[in-house]
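Colleague: Could you build all of it, start to finish, from the sequences and the hints given here?
Residue numbers (this note's numbering), protein chains in the order written: chain A, 1196 to 1628; chain B, 1131 to 1593.
If you are wondering where the hints come from, they were derived from the structure by calculation, not from laboratory data.
Warning: the hint list may mix true and false statements.
[Said to hold, decoys possible] Here are the simulated lysine to aspartate or glutamate pairs, EDC-like style, with alpha carbons at most 20 Å apart: (1) LYS1369/B with ASP1393/B; (2) LYS1153/B with GLU1254/A; (3) LYS1153/B with GLU1361/A; (4) LYS1267/B with GLU1553/A; (5) LYS1516/A with GLU1482/A; (6) LYS1534/A with ASP1445/B; (7) LYS1448/B with GLU1553/A; (8) LYS1256/A with ASP1172/B; (9) LYS1153/B with ASP1265/A; (10) LYS1585/A with GLU1254/B; (11) LYS1285/A with ASP1393/B; (12) LYS1256/A with GLU1516/B; (13) LYS1492/B with ASP1520/B; (14) LYS1493/A with GLU1509/A; (15) LYS1342/B with GLU1233/B; (16) LYS1552/A with GLU1516/B; (17) LYS1552/A with ASP1247/B; (18) LYS1534/A with ASP1172/B.
If you're wondering where the values come from, they're calculated on a predicted model, not measured in any experiment.
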Amino acid sequence: MSNQQPLGNFTHQDAPAYEDVLQCMRCGFCLPTCPTFALTGRERSSPRGRVALARAVAEGKLDFNQAMKDEAFFCLDCRACTTACPSGVKAGEVMEVCRAQAHQQLPAPKWQGSLRNLVLKKMVPNPDLMETSMLPARLYQKLGIQWLVRNSKILKLGPTWIDKAEGMLPQLHRPLRPQLPDLSPAKGEKRGTVAFFLGCVMTLLYPEVSRQTVKVLNHQGFDVITPKEQKCCGAPHLTEGDRETTREIAALNLDLFLDLEVDAIVTDCAGCGAALKEYEEILAEREDHERLHRFQQKIKDISEFLCEQGIRTEGLKPVDKSVTYHEPCHLCHAQGISKQPRELIKAIPGVEFREMKEASWCCGSAATFSLKFTQESQQILDRKLENVKKTGAEILVTGNPGCHLQLAWGLQQAQMPQPVLHITELLGLATPD
Amino acid sequence: MIAQSAMQQLEQALGKEKLVSAKEDLLVLGYDSTPGLHATPDLVVYPTSTEDVVKVVEVARDYRIPLTPRGSATGLSGGSIPINGGIVICLNRMNRILEIDEENLTATCEPGVVTLDLFNAVAEKGLFYPPDPGSQKISTLAGNVMEDAGGLRGLKYGVTRDYVMALTCVLADGSVIATGGKSVKDVAGYAFKDLLVGSEGTLGIITEITVKLIPPPQTKQTFLAYFDNIRTAGEAVSKIIAAKIIPSTMEIMDKATINCVEDYVGIGLPRQMAALLLIEVDGHPAVVAEEAEALKTILQQVGAAQVQQAKDAQDAMKLAEARRTALSALARVSPTTLLEDATVPRSKLADTFTLIEQLTEKYQLTVGTFGHAGDGNLHPTVLCDERNEDEMKRAHAFYDELYEQVLAWGGTVSGEHGIGIAKKGYLARQIGPGGVAVMRRIKSAFDPQGIMNPGKIFVSEQE
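Modeller: Shown next as structure tokens:
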């Protein structure tokens, strides 16, 4: 998406291609699918409006101004509009690129910029640092400070996002990456070998979920290789508009995983899967096309992979529960994976599957959106919880840690009884140890 | 520019939160789905009641400010584009369904109700609102009424006009008229309601709509017929009509459209075929069975290459959904998509297809044609690039020549999209100076100052 000549009022680096915005024919099919348009009713907060703004910048009719920046970050990047758009416009991706423009053209105050650089460029790319940084949070829970803080309601005095962030924190366990063996062997008749791409949020906040992923893969007959040198997928950097760091990390992951003799590279994080599948585009100008394509072909979300291989149901224990499913945006819209998780759920003996209304409507998590726009995020979440409630299901299943955090927090706040389970946790319940 | 004092009055009357004047908002509230047309309003207002609309009209009247009504801006002739600037009056916050009257089989709605929302709401009560324009998922009811929108079911069930029973409308002087009602028959004086339907916002602003509902068909059957030659498909349509079968839907797609749609939805449409007809018959099971048989016989007689029947309702819906994506799927192919709305008497369909093929060749263009074959309503769509001036000239020459022949055959320059800005010239050709003069007189009777959606339908005397 970069040009030799600067395009209108975009800078040269990381600008949208003119074709990408020109392609919008303004048919409006995206409007009913956009959560921020549903909230505000404002055209500029709709995919069609956002693309029109980007086009105005590209044509020199509008400066890359604060409003453009606001819309780039107010977009959930849920990609529901991409699914709905028959003309092939990718408004979410255009907004992602506009976030990179925002950092070039409207830089944040210096202290914010330094903090952002520290987190995105130093911390996130370095798994050891990330794991160490979680230690205080674990102690915070272990030593009972969390109990004190929550009961004293001291956080109500600060900005709402701090209170929410603290409230979202699940019960923490030791990060999974250092614990997993390099090779977890298949059980029963072996069907193949996969590499496990372990997302940052999964290993840090949901290590026990990913442990289930490995257990399920093993039980289904797959050797699981977990390369310890793997980096973050780069999605947080894309979301925040730091495309250069994404490219650096992506190149490292590409080399690391392509060296492995595996049938597939599996992840249980929808956000990671979507980002990994986009390496082909992100690294297009730097890497050999054949290698990129080979990498892209190997990336599989866990649901996608298990469905392709066919799930072995013999030996599965029944799970006598009613289950509903929330589709993570980065699974259904970004990767087009929608049927597979449902098929897996239905394959588990004893499970009664109940479809919810608007299953593919965003939950309002959307990376840091839920903390930046707490009120709007809450409204989007409420709509989701209402649809969960109507199903009367006992368990809510999803497949992405961002959604998981948001939904678990929302259900707890609304005093609803359903636990949130990752799809591999549900499969894990059915899988013997 | 809007005078400072007018702005103050509007702020006082409506409250600040209903007015929008930031540059970024104005930039995105001056387009619809018509290619190449864009204008910037000076102000956008979001009324939430008829009273709000009256207040806006009063200020516009006193200060002679142009007023352009807007729903979801999915129009295809530029009807909601504020070409003279002024105020865009955005009606999509007035989106409540006020009543579904099961005794009289009517529904009463605010103007901004989304078409499909109304369809779903009445379906829950076992009723049916047939008009289904391509954009029904987001188009608004008032937009449908003002453009007299059609859709896939037009052939058997008619268009929006056939369902409008009553309208409340704010006129240019700020007065409010209610016309029509729930009575099935009504011949009291001039039929203002019928004049307002399809008036494209040039006579007044609708603030309430009552539509007729009907019981839904008990059953339906869906067929896909493929043809090696598009002319044969045209002949099939005429033969079916001549056999006195009125399908609820009879849609056509040519080869280019089939391929674009297949690229998008991937449901296994055969890419090598020259054309396909999507045909639906609905009604009483016995009648549907009889018509389905007759249909198959006719299709075989005219020489359809292949006839397929939808397995079940889901399968049928998939086919109809695929047809709905035709326009946008064509739009994937090129940056600019010019869409027209030529409509001919059905006996001329086959000739029209031949003509489109000839003109495509003559002007060296890429054209995809689809549309409501059963209505004789075609959408020949030129896939082009607005940056290529020469190509754009050829595209316009293509339409000029096409319309000349369409009019010679007794057709019309717009079947369902309206005239708006895009087709003013063509309308003048169709109805002549006498027709335009009468329209102008009607317009000035309703709107002597010319503030209601100026610059639409016909060239005004001031221009």
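Colleague: So which of the earlier hints does this model not fit?
Modeller: As far as the earlier hints go, 1, 3, 5, 14, 16, 18 are violated by this structure, in ascending order.
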